[in-house]
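Line by line, the protein sequences are chains V and H.
Residue numbering for the first sequence follows the numbering used here, beginning at 205 and increasing consecutively.
Residue numbering for the second sequence follows the numbering used here, beginning at 205 and increasing consecutively.
Treat the hints with care, as some may be off.
The list makes no distinction among identical chains, and a pair is therefore deemed to hold if it is satisfied within one copy or across any two copies.
Here are the simulated DSSO-like pairs of lysine-lysine, each with C-alpha atoms no more than 30 Å apart in a straight line [stated by the list, open to error]:
{"id": "1", "residue 1": "Lys328", "residue 2": "Lys210"}
{"id": "2", "residue 1": "Lys228", "residue 2": "Lys322"}
{"id": "3", "residue 1": "Lys328", "residue 2": "Lys228"}
{"id": "4", "residue 1": "Lys322", "residue 2": "Lys260"}
{"id": "5", "residue 1": "Lys260", "residue 2": "Lys328"}
Treat the hints as calculated values from the structure; they're not laboratory data.
There are 2 protein chains.
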Amino acid sequence: MPPRPKAFSRLVTELARLPGIGPKTANRLAFHLLSGPRNRSQALSDALRDSLENVKTCVVCHALSEGTECSICADADRERGLICVVEDAGDLYVIEDSGAYRGLYHVLGGAVSTVEGKGPDDLKIQELIRRVERENPVEVILALSHDAEGEVTTTCLVRALAPTGVTLRRLASGLAYGSRLEFADSVTLSRAMEGRREI
Amino acid sequence: MPPRPKAFSRLVTELARLPGIGPKTANRLAFHLLSGPRNRSQALSDALRDSLENVKTCVVCHALSEGTECSICADADRERGLICVVEDAGDLYVIEDSGAYRGLYHVLGGAVSTVEGKGPDDLKIQELIRRVERENPVEVILALSHDAEGEVTTTCLVRALAPTGVTLRRLASGLAYGSRLEFADSVTLSRAMEGRREI
Chain V
205 MPPRPKAFSR LVTELARLPG IGPKTANRLA FHLLSGPRNR SQALSDALRD
255 SLENVKTCVV CHALSEGTEC SICADADRER GLICVVEDAG DLYVIEDSGA
305 YRGLYHVLGG AVSTVEGKGP DDLKIQELIR RVERENPVEV ILALSHDAEG
355 EVTTTCLVRA LAPTGVTLRR LASGLAYGSR LEFADSVTLS RAMEGRREI
Chain H
205 MPPRPKAFSR LVTELARLPG IGPKTANRLA FHLLSGPRNR SQALSDALRD
255 SLENVKTCVV CHALSEGTEC SICADADRER GLICVVEDAG DLYVIEDSGA
305 YRGLYHVLGG AVSTVEGKGP DDLKIQELIR RVERENPVEV ILALSHDAEG
355 EVTTTCLVRA LAPTGVTLRR LASGLAYGSR LEFADSVTLS RAMEGRREI
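The following block holds chain V by itself, in its conformation from the complex (with noise of 0.2 Å):
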């Protein structure tokens, strides 16, 4: 075994778990981090901490939030009668970069997605009904993924939320099929906001 620090090696371990990092780029990153300015790697490591003792999710649309509530929830400035429902708080922020939305969100949590083995009862659907009966608004938008996940999810959505009697209705082409929100441009999601169609 090469005489690796063990720090070191657990550090690695971590960095292989995130999304999109194998070992190699895991092992690239750590010795980035211990071998240059420590400063900037100090700045990293505070920065995680902070996040992860300061940033919390939104009790009523489950958002990233630095209180129980988060700030566009308290905006009394936002449309309240809007709820677009996207799959996760990233989605979120790439709507609000866009400008094309004053309305509210609800934040499900992912997609039903048998890859990931995430179903239904994974996502915060039923808060979303409950919101829905509580908050009686004009219309719920679906911000989800233009591919095969996001479809399904769109399903059961349709079904969960048909006894309350809103109207739904979803994003407008211009989103490619099997394209991931997340990588949309400004102007793409500007525009598939102004076409949302009912479903």
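Got chain V; can you put chain H on it based on the hints?
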């Protein structure tokens, strides 16, 4: 401005400073760290903090080390007459993993690079000269990259070490194991031809 929690934005900024990690990937990683299971993210945070506290640089060879001297330098069973010069600690582990070498190492801390603005004075060359004078090894092996930067660095080292009179060798140039002749570039082929050996 999208209402991202401040600690989250700081985490994205710090992640994006890592080599090969762009802003989109940094964003995705930060979401994963804060939206996924917190105990995994906490484990990474702990591993990083622990590494920064406990992984040092060996005073002799400049490899990563748990103490002032690394486990290779402290190992009495290594061949102490051989010093293998590598660009970084990552290259050291590649050689260790191959099991092909049982001598000591010297980590330069990179290669001479106009792109990265790294000159000979940014590398541990003076430390190597002093070490060769002090330890008087049988042989110094240059295990640098076989590319333009590695060649320039090799030239610098050959000049710098000439006054010590130590025997300098470099890794053989040639065809990689498993490579096919038809895909070999002409420089590699020329070198393999020059360095041909009796069977």
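Hints versus structure:
In the homo-oligomer, the alpha carbons of Lys328 and Lys210 lie at most 30 Å apart only across protomers (25 Å), although the nearest pairing inside one protomer, at 39 Å, exceeds that limit. Taking identical chains as interchangeable, the C-alpha atoms of Lys228 and Lys322 lie at most 30 Å apart whether they share a chain (28 Å) or sit on different chains (24 Å). Proximity of Lys328 and Lys228 under a CA criterion of 30 Å is satisfied inter-copy only: 25 Å between copies versus 35 Å inside one chain copy. Proximity of Lys322 and Lys260 under a CA criterion of 30 Å is satisfied intra-copy only: 22 Å inside one chain copy versus 42 Å between copies.
With identical chains, the CA atoms of Lys260 and Lys328 are at most 30 Å apart within one copy only, with a shortest distance of 16 Å there and 45 Å across copies.
The structure shown violates none of the earlier numbered hints.
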